[in-house]
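Colleague: These are the residues of each chain, in order.
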Amino acid sequence: MLNLFFPEKTTVIVGLEIGTAKVAAVVGEVTDAGGVNVIGIGQCPSRGVRKGEVVNADLAAEDVRNAIVEAEKSADVEIASVYLGVTGGHLTSLNTHGVFTAASDDHEISQPDVNEVLANAKVFSRPSENHVLHAIRQHFTLNGQAGITDPIGMLGGKLELDMHVVHGVTTRLQNPVRVVKGLNLEVEEFVFSGLASSLALLDNEQKQMGVLVVDLGAGTTEYVVYADGVIKHTGILAVGGDHVTNDLSHGLRMAPARAGLLKREHGAATIEGAAGQTLTLTNENGFPDRRVNLEHLRRIMVARLDETFQLIDEDIGEQGFHEQLRAGVCLCGGGARIRDIEKLAEEVFGLPATLGRANAVGGLRSATDDPELATAVGLVKYGAIRQKSQRRVGLVGKLKNLAGSLGLF
Amino acid sequence: MTSTETTPTTAPAKKQLTIKVFGVGGCGGNVVSQIHGADFGGAQLIVLNTDSQALAQCALPYKFNLGLKLNGGLGAGGDPERGRAAAEEDEVRLRELCTGVDMVFICAGLGGGTGTGAGPVLARVAKECGALSLAFVTLPFECEGPKRMRQARRGLEEFKSAADGVICLPNQKVFKLIDENTSVIETFSTTNELLAQGVRGIWQLVTRPGFINLDFADLCAVVRNRHSESSFATAEATGPHRAKEVVEKLLTNPLLDGGAALGEADALLVSLMGGPGLTMAEVNRVMEQINRQTENAHLMMGAAIEEGLGDRLTVTLVASRQCSHAADLPKGVEPGQPEPQPASRGGEDFDLLGSAIASKPVTRTAVAKPESERVAVAVAETGMEAMAPAPVATSRSWRSRKKAKAVHPELGLETVTTDPFQQSEPTRHNGVNLDVPTFVRRGMVMN
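If you read the protein sequences in the order shown, they are chains B and F.
Remember, my numbering sits 6 above the position in the first sequence when you count from 1.
Remember, my numbering sits 403 above the position in the second sequence when you count from 1.
Looking at chain B on its own, in the form it has when it is part of the complex (with noise of 0.2 Å):
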């Protein structure tokens, strides 16, 4: 084999999410078998980022460095390259159609047919400013038989594809490349969030019986469907914990920050044992300042979450998954560690609820049991399945593919 000769650069893989609340590294190694340990985990507080989106690169950059230090030290390796998580409101997510047609019915299904239906898929309406982040296969349809994952070989003279883009504004995908590029380090790809944290949390039993993926973030809450093991839909909403705090803070009268801390320390989706409660908060000396009502305080965060699933139940409602969804919601990100934010997901989607946990991937407990680090988790397997893919096309299947993709052009 050339690769002998050629050994795979990277034997460690990074993920980087930079997320409104936290950066976060996770290093990660693939075995042998095939599988991914968590080696190292580096985090940082994040400064410059609002809704996900970077809004001030420096502050980024910043953290982005802290975390990537502590992740190096941690795992005791050097990073060079890193798999980036993406998120932000301008994510669209669509499903596409692609087909082609054979001279005849007989005709035997060979690559270059499967990489024209997959060219014919990509060809969609969408602004110009706006960079295609993935284009994932979904199902082949040949003769109209559905499902078929591998046509190639099979007879007929009409293939079919169905595949689920997503793609968002070029200029805002390309502000956390350029502040990771500015530390020195390499971008392997950009992956959005909300599917890197399904890939940490999802087996693949799940993933064909269908499920929910939901990432309640600070700045943002992405969701992710899938059904009979593809992808089937994703969103995303602008709308995250910074909003709880944000809305705490008004209806309570007092500072963001205090509203995070009571939001941390008292904070419950549910109502249920709340009524008539005061908490008495202290100044910075100990002394009692001034109470408030917990009941309102638990109402003011159930409004909102409750608010936050019901947009995501309509928009997954309007496409008809709900009958897809037997292994029902799993909830992760920061919003997941919320008391009983399960039992108010129970009862908003009126599905079976869990709290993800990562566990295609093994290493560090403390990376794989925290909700909040889903998505950099995500972002290793993500890394891992593609270098696995590459690994297995090899010298031969990459210039096969290169002559594929010459021949469409």
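Calculated from the structure, these hints are not laboratory results.
Any given hint could turn out to be false.
Here chain F is said to cover these stretches of chain B; the calculated rule only asks that three of the stretch's residues, wherever they fall, bring their Cβ under 8 Å from a Cβ of chain F [stated by the list, open to error]:
#, stretch
1, 50-61
2, 302-311
Examples of chain B residues lying across from chain F (beta carbon under 10 Å, computed) [what the hints assert, rightly or not]:
#, residue
3, H96
4, T226
5, D248
6, L258
7, N299
8, L317
Keep in mind it's a predicted model, so treat the numbers as computed, not measured.
By construction, the Cβ of each residue, glycine as well, lies at the ideal position given by its N, Cα and C atoms.
Since the structure of chain B is already known, use the hints to place chain F on it.
Modeller: Okay, now just chain F, sitting in the frame of chain B:
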């Protein structure tokens, strides 16, 4: 005696002062109309407004529509920013209007758009053209709402920094002057009349000779570059005890806060006017009582005989407040603004002092800038000069004064904002802004 008569008789020397009275905005227009109605010759009355309709209703010959391009003659909509923008659009015209003028009165009602926004621009332009700018402004009634009041306060601050002097008439105080049954029209015409009186009083002060003379230079000494807020009051009395009564009336005048303003004043201008029967004893009595009220003030008095007054005695009083002067001191130090002027003028026309003014060049820069001002402001200046000798030494020329002006010091404090959504676009979903708290949008009541 009408003013037109006064013109030729009263020392041709003084009459050469060019005075323009501007009415800015709706209220300003009304005041100017009122001034026009009274006998008030010798000064050009100009109405500026952003609202062409209001301008059309105004009977005065000189009017100008500000910001026609910007607002289309539809007014400033109560927004001072638009008023300001309108005035800045037509700054060249304003500059033309102010060139060669010695004194500019700006009448405006604060709280709206045009007066509040455009007024300070005009004051600045007038000042840059070298005219002494005096603003006569009203503050809105309290019932007009806190927003107007806030705008008005901000406008007043801008006026204070732009104009040489601001004479402020809070409408609310006018309530004390009128009885309960006064109609709305009368109330407003009372406030307009008060402002008109102020303008007229000052105008008479500087244009008519008196046996104890007060002139333009004296006025400059009290107001120039002080950026102070002044109160203004006038009182009239007749009869044998008129000297005593007139002071009593003054001291109970709500516009002077019942005499409190006198105690706070650091510069005071008193003008007495009476018929030919005015005795020195009466003048003495009035001044004695006023002096008693204001021990520290730099007091300037004038007395004049006006045939038409008969046995009436009128006293006009302008009091510049101490606090604002004190607040102004450091301001004066940084840009070195006030000093250059007396310096640049002092050398030229010493003989302009008082009624000795023989001829006056048309350019305003050469106007009466006599020693008296140097003396008058000396109290303030000595301190300043000690602190900032450089500007005095270097800023002999007009250009350097402008230069110094451009350097407004800025305190480099970092703006700290804790807004979680700053710099990010609002999250909209089906036309709803999701950044607004959910409980607010759902109308949930929290108490």
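Colleague: Decide, hint by hint, whether the structure agrees.
Modeller: Hints, verified against the model:
1. 50-61: holds (count 4)
2. 302-311: holds (count 5)
3. H96: holds (9 Å)
4. T226: holds (9 Å)
5. D248: D248(B) check passes; min Cβ-Cβ to chain F is 4 Å, inside 10 Å.
6. L258: With a closest approach of 8 Å, the L258(B) hint holds.
7. N299: holds (8 Å)
8. L317: Nearest chain F Cβ about 6 Å off; hint holds.
Checked against the numbered hints listed earlier, the structure breaks none of them; every hint is satisfied.
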